[in-house]
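Take the given structure of chain A and dock chain B to it, following the hints.
Chains A and B, in that order, are what the protein sequence lines are.
If you use the working numbering, the first sequence closes out at 196, no skipped numbers anywhere.
If you use the working numbering, the second sequence closes out at 174, no skipped numbers anywhere.
It should be emphasised that the hints constitute simulated quantities derived from the structure, not laboratory data.
Small disclaimer: the values here were computed from a predicted structure and weren't measured.
Among the clues, some could well be false.
Capping the alpha-carbon separation at 25 angstroms, the derived lysine to any residue pairs in SDA-like fashion look like this [said to hold, decoys possible]:
(1) B/Lys135 / B/Asp107
(2) A/Lys30 / B/Thr26
(3) A/Lys30 / B/Ser31
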Amino acid sequence: MKKECEDSERMARLAAGDAGALHELYEKHGRALLRFSSAMCHSRQSAEDLVHDTFVALLRGPHLFDPAQGSVFAYLCGALRHRVSRHFRQQKRWVELDGHDARAVNQDPADELARSEASAVFRRALLELPLQHREIIALCDLEELPYHAVAAILDCPIGTVRSRLHRARALLTLRLASLELVDLEDQPPLVQLS
Amino acid sequence: MTDALHPQVASLLARYRVELRDTTPSDSLDARIAALVAGEGKDIFPPRRAPRRLGYWAMAAAMAVVAIATGIYIGMRLERGAPRARLTQQSSTLPADFSMWPADSVALQIPAEYSPQGTLVAVDPNAHSSGKRYWVDVVVSNDGTVRIERVVPAEDKHAAGVPDGITLQSP
Chain A
3 MKKECEDSER MARLAAGDAG ALHELYEKHG RALLRFSSAM CHSRQSAEDL VHDTFVALLR
63 GPHLFDPAQG SVFAYLCGAL RHRVSRHFRQ QKRWVELDGH DARAVNQDPA DELARSEASA
123 VFRRALLELP LQHREIIALC DLEELPYHAV AAILDCPIGT VRSRLHRARA LLTLRLASLE
183 LVDLEDQPPL VQLS
Chain B
4 MTDALHPQVA SLLARYRVEL RDTTPSDSLD ARIAALVAGE GKDIFPPRRA PRRLGYWAMA
64 AAMAVVAIAT GIYIGMRLER GAPRARLTQQ SSTLPADFSM WPADSVALQI PAEYSPQGTL
124 VAVDPNAHSS GKRYWVDVVV SNDGTVRIER VVPAEDKHAA GVPDGITLQS P
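Next up, chain A with everything else stripped away, as it sits in the complex:
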C-alpha cells in the first residue's frame, strides 16, 4: 500500500512537470515491464522499443492515469500490453521479401546461446500461442501476479482470468507435448468433454 502511495506521488510529480519522477518509475517498474515485453515479443529489440514507447506515452500524458482504477504498475502494464498488441497487428501488414519468417524466434545469438536448449524450445512454444493466451501465461505464471492484479491489467473479471489461464496452459502443454518436451501418456485429460 505504501508503495502504491509512492507511485501515485510520483505520478502527481510527473503531471506537475517533474521528469525525474519518470526515471524513478522506470527504475522501479522498468525491469518487470521488460520481462513481460520479452515474454511477449520475438526479439529483444522490439521488447525494449515497446517499453521505451510506453514511458514516452507516460511522459506525454501522465494525467491519463486514474488511481481509482488500479496501481501505476497495472496502468503501465496495460499500456504496454496495448502497444504489444498494436505491434503485432502492424507486423502482420509486412511480408518478408527473402522468405524469412518474421514470427520465428530470432534472437541475438549470444542471448540465444545463454539459454538452455529446453528453455529455447519452451520459449518458441510460448511465442506460438495466440497473443491472448501468451499474455495470461506471462502475467500469471512468469510474473506470478495475483489474479486481481491481472484482472486489473486485462480489464476483465477474475473469472475470465482463471478460465483464460486454464485454456492457455492446456494449449501450451499440448504444444510442448508435440515438441516432445512433455509426456502426456500418464496424465489426466487436459480438457473435459461433457
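Chain B in isolation, oriented as in the chain A frame:
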C-alpha cells in the same frame, strides 16, 4: 480450474521464469530513458502539433474556397462573352468574296415617290413628277427571295452616273 498444470510444464515454466528474472534493460534503453527524462523526448510529440495542424487545414480550406470562387467567376465571364466571341470569330474567318446572297439575281431600279399617306409607292418613270422621286433598288434572286437593297434620291443617283432601269448582277 487453473490447477491442472502438468509437472513438466511447471518445471519448464519455473526454469524460464528464472532466466527471465535475469533480464535487465540494455544500456541503450537506459540511455533512451535518460534522454527522455532530460527533455530530449519532448520533441517526439510536440504539444502544439494539433493547433498548428488545425491552422494549416484552415489555411488550405480558405485557399480552396478562393480558388473555387475564382474558377466560377472566370467561367461566368467566359460564358457571357462566348456568343460575341463566336460571332466575331465567324465573321473574321469568312472568305473575302463571300456573300450571303445567291450569285444569280436581278436588280430592279424602281422609281418611287412618297404618297400623301406617307408611304413610298412606285410610279411611272415617264410620268411627270409631282414630288421628290427616289430610286428603290430591288434585288430578286433565283431562289425566290426579294430584298430592297437601298433607296436613294433620284438626283443623287443620276449624279453618281448609275444607269436607270433593269440590270443583271454579275455573279
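Hints, one by one, checked against the model:
Distance check on the hinted pair: lysine 135 of chain B and aspartate 107 of chain B sit about 32 angstroms apart at the alpha-carbon level, beyond 25 angstroms; violated. The hinted pair formed by lysine 30 of chain A and threonine 26 of chain B meets the criterion: a straight-line CA distance of about 14 angstroms does not exceed 25 angstroms. Distance restraint check for lysine 30 of chain A and serine 31 of chain B: the Cα-Cα separation of roughly 18 angstroms lies within the 25 angstroms cut-off, and the hinted pair is therefore satisfied.
In summary, the structure is inconsistent with hint 1 from the numbered list given earlier, while agreeing with all the others.
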